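Residue numbers (the UniProt record's numbering), protein chains in the order written: chain H, 1 to 430; chain C, 1 to 275.
Simulated from the structure, these hints should not be mistaken for laboratory data. It is possible that some hints are incorrect.
Unchecked claim - Label-pair restraints from in silico Cβ distances:
1) C/Ala-41 with H/Gln-53: 52 to 60 Å
2) C/Thr-106 with H/Val-46: 18 to 26 Å
3) H/Lys-64 with C/Ala-41: 54 to 62 Å
4) H/Phe-367 with C/Ala-62: 46 to 54 Å
5) H/Glu-79 with C/Pro-9: 26 to 34 Å
6) C/Asp-115 with H/Phe-367: 39 to 47 Å
Unchecked claim - In the SDA-like style, the derived pairs of lysine to any residue whose C-alpha atoms are separated by at most 25 Å in a straight line are:
7) H/Lys-302 with H/Ala-232
8) H/Lys-420 with C/Ala-55
9) H/Lys-86 with C/Gly-219
10) H/Lys-86 with C/Pro-9
11) H/Lys-408 with C/Asp-46
12) H/Lys-270 with C/Asp-113
13) H/Lys-408 with C/Gly-45
14) H/Lys-86 with C/Ala-239
15) H/Lys-409 with C/Ala-55
16) H/Lys-189 with C/Asp-127
17) H/Lys-420 with C/Leu-258
18) H/Lys-270 with C/Gly-126
19) H/Lys-420 with C/Tyr-40
20) H/Lys-408 with C/Phe-49
21) H/Lys-420 with C/Arg-134
22) H/Lys-409 with C/Gln-48
23) H/Lys-420 with C/Gly-38
24) H/Lys-183 with C/Glu-51
25) H/Lys-86 with C/Asn-230
26) H/Lys-420 with C/Gly-219
27) H/Lys-408 with C/Glu-51
28) H/Lys-86 with C/Phe-44
29) H/Lys-409 with C/Gly-133
30) H/Lys-408 with C/Phe-44
31) H/Lys-420 with C/Asp-127
If you're wondering where the values come from, they're calculated on a predicted model, not measured in any experiment. No residue lacks a Cβ here, since even glycine has one placed at the ideal position from N, Cα and C.
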Amino acid sequence: MKLSIRMVAVAAVLATAACAPQTSGTSSSDKDEKTGTLRVWLFQEVNNTPKEQVVDSVLAEFEKEHEGAEVTVEYIPVETRAQRIKAAFNDPGSAPDLIEYGNTDTAGYVKDGGLADVTEDFRAWGEAEDTDPTARQSVTVGGRVYGVPYFVGVRALYYRTDVFEELGLDVPKTQAELISTAKRIRAAKPELYGLAVGGAYTYGAMPFIWAHGGELATGKGGSYAAAIDSAAARKGIEAYTSLFGDDNCPAAKCAAMTGNDTITAFAAGKAAMAIGGDFSHAAVEAGTVKGAYAVVPLPGVKTGSIAPAFAGGNNLGVLKSTTHRTLAVDLMKRLASKEAQGELFEAMGFLPTFSDVRQQVAAKEAFVKPFVETLAADTKFVPASPAWAQIDAGQVLPTMFQEVVSGKKDVDSAAADAAKKMNDAFRSVG
Amino acid sequence: MLGGLLAYPIYQLGLISVFHYTQAQVSGGEPTTFEGFGNYAELFGDGQFWEVLLATVVFAAACVVSTLAVGCALAVLLTRVRAVPRLALMLAALGAWATPAITGSTVWLFLFDADFGPVNRVLGLGDHSWTYGRFSAFFLVLLEVVWCSFPFVMVTVYAGIRAVPAEVLEAAALDGASQWRIWRSVLAPMLRPILVVVTIQSVIWDFKVFTQIYVMTGGGGIAGQNLVLNVYAYQKAFASSQYSLGAAIGVVMLLILLAVTLVYLRLLRRQGEEL
Numbered sequence: 001m002k003l004s005i006r007m008v009a010v011a012a013v014l015a016t017a018a019c020a021p022q023t024s025g026t027s028s029s030d031k032d033e034k035t036g037t038l039r040v041w042l043f044q045e046v047n048n049t050p051k052e053q054v055v056d057s058v059l060a061e062f063e064k065e066h067e068g069a070e071v072t073v074e075y076i077p078v079e080t081r082a083q084r085i086k087a088a089f090n091d092p093g094s095a096p097d098l099i100e101y102g103n104t105d106t107a108g109y110v111k112d113g114g115l116a117d118v119t120e121d122f123r124a125w126g127e128a129e130d131t132d133p134t135a136r137q138s139v140t141v142g143g144r145v146y147g148v149p150y151f152v153g154v155r156a157l158y159y160r161t162d163v164f165e166e167l168g169l170d171v172p173k174t175q176a177e178l179i180s181t182a183k184r185i186r187a188a189k190p191e192l193y194g195l196a197v198g199g200a201y202t203y204g205a206m207p208f209i210w211a212h213g214g215e216l217a218t219g220k221g222g223s224y225a226a227a228i229d230s231a232a233a234r235k236g237i238e239a240y241t242s243l244f245g246d247d248n249c250p251a252a253k254c255a256a257m258t259g260n261d262t263i264t265a266f267a268a269g270k271a272a273m274a275i276g277g278d279f280s281h282a283a284v285e286a287g288t289v290k291g292a293y294a295v296v297p298l299p300g301v302k303t304g305s306i307a308p309a310f311a312g313g314n315n316l317g318v319l320k321s322t323t324h325r326t327l328a329v330d331l332m333k334r335l336a337s338k339e340a341q342g343e344l345f346e347a348m349g350f351l352p353t354f355s356d357v358r359q360q361v362a363a364k365e366a367f368v369k370p371f372v373e374t375l376a377a378d379t380k381f382v383p384a385s386p387a388w389a390q391i392d393a394g395q396v397l398p399t400m401f402q403e404v405v406s407g408k409k410d411v412d413s414a415a416a417d418a419a420k421k422m423n424d425a426f427r428s429v430g
Numbered sequence: 001m002l003g004g005l006l007a008y009p010i011y012q013l014g015l016i017s018v019f020h021y022t023q024a025q026v027s028g029g030e031p032t033t034f035e036g037f038g039n040y041a042e043l044f045g046d047g048q049f050w051e052v053l054l055a056t057v058v059f060a061a062a063c064v065v066s067t068l069a070v071g072c073a074l075a076v077l078l079t080r081v082r083a084v085p086r087l088a089l090m091l092a093a094l095g096a097w098a099t100p101a102i103t104g105s106t107v108w109l110f111l112f113d114a115d116f117g118p119v120n121r122v123l124g125l126g127d128h129s130w131t132y133g134r135f136s137a138f139f140l141v142l143l144e145v146v147w148c149s150f151p152f153v154m155v156t157v158y159a160g161i162r163a164v165p166a167e168v169l170e171a172a173a174l175d176g177a178s179q180w181r182i183w184r185s186v187l188a189p190m191l192r193p194i195l196v197v198v199t200i201q202s203v204i205w206d207f208k209v210f211t212q213i214y215v216m217t218g219g220g221g222i223a224g225q226n227l228v229l230n231v232y233a234y235q236k237a238f239a240s241s242q243y244s245l246g247a248a249i250g251v252v253m254l255l256i257l258l259a260v261t262l263v264y265l266r267l268l269r270r271q272g273e274e275l
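Whenever a hint applies, use it, and build me the whole structure from the sequences.
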């Protein structure tokens, strides 16, 4: 094969002339129309009808209030949300005005230039002051607010009451007890996992790191530094990974498990304990263990303490490209209002982001008590850096846990490698 | 027109790979900056990239050799059996060929499932996990890759053998040559052009394997032990939106494949054969 000189020349000219790959300009829109159609994307949940009813009643009121404004809601599948939302950022023309998004994505979306800054609107909103601090942190990047919290999700310890009764065990009060209890159950009942854990279950592992005083990363605003290799964090990693093995959850099976896998195992009666969220309640209720389990907050290191939990959940945010900013912000506040969040809880079981509303609903529904207690004790959030999306997608933490539990590396070197990867990611986003 | 269709995507790929281009640049959150060979430097400085590259090369080589061996052996077998078993083998092979990669991968994974898989039950392995060990996971994927790509080799080579004059084979048989000897001294040299094509095809396919690894090892295996270049590029480019880094991996893959193919063709030409 011979490349002709002419072809090379043409290519060279093209390369210098065309210069840069395409970008779309999502500078914020100047228009702020008070009538017309507002487009909203919300997540499609399993059994979505109750959510639709709550949303519809908010919309009816909104449309009554704003003459000439119309709202169309599209429920998008959770699995493909990342592509959908990226596409919306790339093509402002067909993008919605208001979206629901996972709260770990906030910093990434802000860096992408997709979300509108609503700091002033949030401050002026009367109900905002009751928003719990971690939820507020999940919409805040670099001191500015980019949305409102819609609901929170938090994890706690599910355990089998029948197994505990049969073996005469007490509910563990410390993390050390939790681990020894898990191993005693496995020894007595080898067909069960004592505590179902997963090498890819990052959010189940984080409380162990936090309970020992460790952090994923330290820093504020733009500059973070990995702290996963600190002595305290390594103790937490040690504790979590000690649960993988033939004496609790065999590494050959559990190293690859995700959070969903552990809940599935628990619901199917294959595990005596599992770390599950308030949102896992329905899945467990649908399993064979219905009626034979209870939930308590995940214990911390000291007796009676609660391990800090990851505050997951979703937020609502207005897109920067919207041509109906005022209307979109108003609708956002209505959808995430105390009243609407209370209704959403009744319909879907999603925990409200307002501390006071949460206390009220906890009094009504017994099953949310341990979760509300966990939220009241201490919750933490992943670093509010766009690098988090990279760290998450790069499987940095699952890789670290899997390296340890499969015996490829010891805790120190696995944590050091993870810290290096995290720092690379933090650096790459500036 | 054809040149444009081929060249434009490659041009774009190369272009993106020399910029800092992530989701923030695509959607206009940040300006695009020219990086020169920065992405390549980052890639080559990353120990994981070399590890993945090595794994990909070894894995692809193993797949190519296995696929060709199975495909050629079965092609010869096809010429030796009667019509009914031949039809049965053909249909079975076509069935495997026609199965979408995702379906095939899922089915193979189920066959070897630790809890419910029939393979463990038949072999009496209890709840042995095939995807836990690095080599056993790669082996499992290799089986699936061979299973879904040997039919192409088999059918092509079979057609080639059919085109070989019967007298030649008869003469060899009369001279007392064994089946293996006939293959090595008569068939293989005569089928060389066909073998070249299927080898290059297999190299390209197996080097770019994605679906099987992605589905069967859950996106790269325990601690990323089963990553191959294509899945690695996907992880970089789409999962974490570092499009420029993904593009750089793509360019590297393209160059490697191009080099392999050119070297191969060159070797052939030196032996006096024209494709």
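Status of the hints after comparison with the structure:
About 55 Å separates the C-beta atoms of C/Ala-41 and H/Gln-53, a value consistent with the hinted range of 52 to 60 Å. Distance hint check for C/Thr-106 and H/Val-46: the Cβ-Cβ separation is about 22 Å, which falls inside the suggested range of 18 to 26 Å. For the pair H/Lys-64 and C/Ala-41, the beta carbons lie near 60 Å from each other, so the given range of 54 to 62 Å is met. For H/Phe-367 and C/Ala-62, the hinted distance range of 46 to 54 Å is satisfied, since their beta carbons lie about 52 Å from each other.
In this structure, H/Glu-79 and C/Pro-9 meet the distance hint of 26 to 34 Å, their C-beta atoms being roughly 27 Å apart. Separation of C/Asp-115 from H/Phe-367 is about 30 Å and departs from the stated range, judged on CB atoms against 39 to 47 Å. Taking the CA atoms of H/Lys-302 and H/Ala-232, the gap is near 15 Å; set against the 25 Å cutoff, the hint holds. Distance check on the hinted pair: H/Lys-420 and C/Ala-55 sit about 23 Å apart at the alpha-carbon level, within 25 Å; holds.
Using a Cα cut-off of 25 Å, the hinted pair H/Lys-86 and C/Gly-219 holds, with the two alpha carbons roughly 21 Å apart. Taking the CA atoms of H/Lys-86 and C/Pro-9, the gap is near 21 Å; set against the 25 Å cutoff, the hint holds. Between H/Lys-408 and C/Asp-46 the alpha-carbon distance is near 19 Å, which keeps this suggested pair within the 25 Å criterion. Between H/Lys-270 and C/Asp-113, the direct Cα distance comes to roughly 16 Å. Compliance with the 25 Å bound is thereby established for this hinted pair.
Distance hint between H/Lys-408 and C/Gly-45 is fulfilled; the C-alpha atoms sit about 22 Å from each other, no more than 25 Å. Straight-line distance between C-alpha atoms of H/Lys-86 and C/Ala-239 comes to about 11 Å, which keeps the hinted pair within the 25 Å bound. A threshold of 25 Å between alpha carbons decides the hint, and for H/Lys-409 with C/Ala-55 the separation of about 19 Å falls inside it, so the pair holds. Proximity of H/Lys-189 to C/Asp-127 is assessed by CA-CA distance (about 16 Å); at most 25 Å being required, the pair is judged to hold.
For the hint linking H/Lys-420 to C/Leu-258, the alpha-carbon distance of about 34 Å lies beyond 25 Å, and the restraint is violated. Simply put, H/Lys-270 and C/Gly-126 have alpha-carbon atoms about 16 Å apart, close enough for the 25 Å limit, and the pair holds. For the suggested pair H/Lys-420 and C/Tyr-40, the alpha carbons sit about 19 Å apart, so the restraint of at most 25 Å is met. A distance of roughly 18 Å separates the Cα atoms of H/Lys-408 and C/Phe-49; the hinted pair therefore holds under the 25 Å criterion.
With a C-alpha separation of about 24 Å, the suggested pair H/Lys-420 and C/Arg-134 falls inside the 25 Å cut-off, and the hint holds. Note on H/Lys-409 and C/Gln-48: the hinted pairing holds, with a Cα-Cα distance of about 15 Å set against a maximum of 25 Å. For a cut-off of 25 Å, the pair hint linking H/Lys-420 to C/Gly-38 stands: about 19 Å separates their Cα positions. Between H/Lys-183 and C/Glu-51 the alpha-carbon distance is near 37 Å, which puts this suggested pair outside the 25 Å criterion.
Note on H/Lys-86 and C/Asn-230: the hinted pairing holds, with a Cα-Cα distance of about 22 Å set against a maximum of 25 Å. For a cut-off of 25 Å, the pair hint linking H/Lys-420 to C/Gly-219 stands: about 22 Å separates their Cα positions. At roughly 15 Å between alpha-carbon atoms, H/Lys-408 and C/Glu-51 fall within 25 Å of each other, so this suggested pair holds. For the given pair, H/Lys-86 sits about 28 Å from C/Phe-44 by alpha-carbon distance, which is inconsistent with the 25 Å threshold.
The hinted pair formed by H/Lys-409 and C/Gly-133 meets the criterion: a straight-line CA distance of about 15 Å does not exceed 25 Å. This hinted pair checks out: H/Lys-408 and C/Phe-44 have alpha carbons roughly 23 Å apart, not beyond 25 Å. The hinted pair formed by H/Lys-420 and C/Asp-127 fails the criterion: a straight-line CA distance of about 36 Å is larger than 25 Å.
Hint check: violations occur at hints 6, 17, 24, 28, 31; the rest are consistent with the structure.
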